[in-house]
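Asks: Sequences listed follow chains P and L, in order. Mapping to my numbering: the first sequence position 208 is 208, numbers consecutive. Mapping to my numbering: the second sequence position 42 is 42, numbers consecutive.
A few of these clues could be false.
In silico BS3-like cross-links for lysine-lysine, where the CA-CA straight-line distance does not exceed 25 angstroms [as the list claims (entries may be wrong)]:
{"#": "1", "chain 1": "P", "residue 1": "K384", "chain 2": "P", "residue 2": "K103"}
{"#": "2", "chain 1": "P", "residue 1": "K268", "chain 2": "P", "residue 2": "K103"}
{"#": "3", "chain 1": "P", "residue 1": "K103", "chain 2": "P", "residue 2": "K385"}
{"#": "4", "chain 1": "L", "residue 1": "K2", "chain 2": "P", "residue 2": "K267"}
{"#": "5", "chain 1": "P", "residue 1": "K268", "chain 2": "L", "residue 2": "K2"}
{"#": "6", "chain 1": "P", "residue 1": "K527", "chain 2": "P", "residue 2": "K444"}
For the record, the hints were derived by calculation from the structure and aren't laboratory data. Because the structure is a prediction, the values reported are computed rather than measured.
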Amino acid sequence: MIPAIVVFLYLAIVLYIGIFAFRRAKGKEEAEDYFLASRSLGPFVFLFSLFGTNMTAFAILGSSGHAFSNGIVTFGLMASSSAFVIPLTIFLIGTRVWALGKKYGFMTPVQMFRDRWECGHIGTVIFVVQSVLLVPYIIIGIMGGGTTLYTISGGAVPFWFGGAIVAMVVMSYVFFGGMRGTAWVNTFQTVLFLLFGAIALIVIGVGMGGFQTAAQAIQNSPMSNLLTRERISPYYFFSYTFIPLSAIAFPHILIFCLTARKMNQFKKTVIFYPLCIMAIWLPCVFLGVMANRVTDVPQIRAKQEARRVLATQGKTMEPEKRDELRDAAAGDDVIMLLLQRYAPLWLAGLLGAGIMAAVMASDSQILALSTMFTEDVFAYYGGKKRFGEAVQVQTGRLFIVLITLFAYAIALRAPETIFELAIQYAFSGFAALSPLLVAALFWKGSTKWGALAVTVWTALAVVAVAIFQAMVPAPAPGSNIVAWSLGGAEVLSRTPGGTTVFGFMPVVPMVIVSALLMILVSLATAKPRQATLARYFGG
Amino acid sequence: MKRTLLVVAAVALYFLHQDIWFWRDGTLVFGFIPIGLFYHACYAVAASLVMWLLVTYAWPAHLEQEAEAVPEEGRKH
Numbered sequence: 001m002i003p004a005i006v007v008f009l010y011l012a013i014v015l016y017i018g019i020f021a022f023r024r025a026k027g028k029e030e031a032e033d034y035f036l037a038s039r040s041l042g043p044f045v046f047l048f049s050l051f052g053t054n055m056t057a058f059a060i061l062g063s064s065g066h067a068f069s070n071g072i073v074t075f076g077l078m079a080s081s082s083a084f085v086i087p088l089t090i091f092l093i094g095t096r097v098w099a100l101g102k103k104y105g106f107m108t109p110v111q112m113f114r115d116r117w118e119c120g121h122i123g124t125v126i127f128v129v130q131s132v133l134l135v136p137y138i139i140i141g142i143m144g145g146g147t148t149l150y151t152i153s154g155g156a157v158p159f160w161f162g163g164a165i166v167a168m169v170v171m172s173y174v175f176f177g178g179m180r181g182t183a184w185v186n187t188f189q190t191v192l193f194l195l196f197g198a199i200a201l202i203v204i205g206v207g208m209g210g211f212q213t214a215a216q217a218i219q220n221s222p223m224s225n226l227l228t229r230e231r232i233s234p235y236y237f238f239s240y241t242f243i244p245l246s247a248i249a250f251p252h253i254l255i256f257c258l259t260a261r262k263m264n265q266f267k268k269t270v271i272f273y274p275l276c277i278m279a280i281w282l283p284c285v286f287l288g289v290m291a292n293r294v295t296d297v298p299q300i301r302a303k304q305e306a307r308r309v310l311a312t313q314g315k316t317m318e319p320e321k322r323d324e325l326r327d328a329a330a331g332d333d334v335i336m337l338l339l340q341r342y343a344p345l346w347l348a349g350l351l352g353a354g355i356m357a358a359v360m361a362s363d364s365q366i367l368a369l370s371t372m373f374t375e376d377v378f379a380y381y382g383g384k385k386r387f388g389e390a391v392q393v394q395t396g397r398l399f400i401v402l403i404t405l406f407a408y409a410i411a412l413r414a415p416e417t418i419f420e421l422a423i424q425y426a427f428s429g430f431a432a433l434s435p436l437l438v439a440a441l442f443w444k445g446s447t448k449w450g451a452l453a454v455t456v457w458t459a460l461a462v463v464a465v466a467i468f469q470a471m472v473p474a475p476a477p478g479s480n481i482v483a484w485s486l487g488g489a490e491v492l493s494r495t496p497g498g499t500t501v502f503g504f505m506p507v508v509p510m511v512i513v514s515a516l517l518m519i520l521v522s523l524a525t526a527k528p529r530q531a532t533l534a535r536y537f538g539g
Numbered sequence: 001m002k003r004t005l006l007v008v009a010a011v012a013l014y015f016l017h018q019d020i021w022f023w024r025d026g027t028l029v030f031g032f033i034p035i036g037l038f039y040h041a042c043y044a045v046a047a048s049l050v051m052w053l054l055v056t057y058a059w060p061a062h063l064e065q066e067a068e069a070v071p072e073e074g075r076k077h
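Whole structure, please, built from the sequences with the hints as guidance.
Replies: Here's what the structure looks like:
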């Protein structure tokens, strides 16, 4: 119970920072101050809060869980590809969005799209698709909170209660602190989970009697393929480089880009982002793999046994039984189990707080949804003009409460693991929306109809993948169900981890078709007025 | 020329991510880090270096100047 108490103490500190520590003197509430901290964040807070915003439960729990089952490939798949693509997109796109936000007062991406392409309702369609794709991200945070508190307390805090506590804490500081509170909480959390990786690595390493013995034991065992990438195909590995395109298309990241005081503050973020990713992901992935050598933790042995049964008898099982075993083999809590086994109680609590820090990154998504709703819908359709800016901020706060309750209700019912839920819906969808930004910022010839085509295509593709996966149950590990082949080539297949199109993850065709649609539809439709183009491209 | 070199560096880094040559290699570097993991850790450091080059030699400073040049009243959307 001691670790759980430390975590509760941590939650109290977070609440204090978010609500009181950096609160401005009470006065007239302005939307730009509440939603964007008056575009005033300094370089340190900007780097850590932007980075922290992008790291979810997924960074610590999902990565170690994925590495536990799939081996070292997890780092190359998700971390090193992000270490290159995300800072590059912040450099190319984030800086431009910041400049346009500063120049024309934009607070959301949809405001920029509406202005750039001279559209109204198409912007609303983009808002709806962005919002629907963002909600799973919020659910991940609540699910991660529930799982973490349940594990840390040894089952004394049930999943539903842990999730409720995390939801309440996040909702409270976002509600009261707005962007300023959220940014400072994120900064505090990022520092904490940057420390987490290094400390966890040392403590568990010492506890296991050194990693050399463990690594060599895995190398000489039937699990040696966890030290290579044999379990993943090169096509799948390549596909994953498209996933980080989603980061800059996430509205909460773009909105965060608008909070910097000066453009120079992007410099440190762009340079240090890859190193921050490495500092968190490398220990988590490594520990996830090494967990396979732990023989005296019954829960880890049970997971390995479930994995073994799935691999050997999975093909002859009913899909429901396979799903059950898949859940039993999932390693989302493996790092927590390692800490419980090897760290002293008080330290396990501190490290648990580090995990909570990553888990609670859903604050920015909640705030972003609220900003988008109040700016893109409430203000756009006349609410701000009619009721004033103070009512707009109150509407944003009400929205925060409603969306948190909604996400919590879903989190209690969702059966998917944290990792699958994130990847299948939010990441692929936002990656497919990234051509919107590239076209808006770099191509004069792009049009609102091209933007609509990209948005509708993204929505349809995400729904199609979800329906396909619901209709065709996941096969046993090591096998595929070919749903459609053409001339001997597998066009569409159901795999144990999801879906492939010509062997690639769906994100690849989704992004390519999005880009093609933007080009073809824009070429065939009327461009915005010259005066509008001049404001974006000069001349 | 400088810009071309930076583009080449960025494109090369993207392709270097696909290190198929270490795909089935389970060699342990320093006796405990699998070589595929070590390579990608080095890759992250290289990414940071390329970002430093971009920030140093291709920083779009004109964007900030343009944004600051707009008077306050012109900023409200």
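Asks: Taking each numbered hint in turn, which are not upheld by the structure, reported in ascending numerical order?
Replies: Those not satisfied: there are none.
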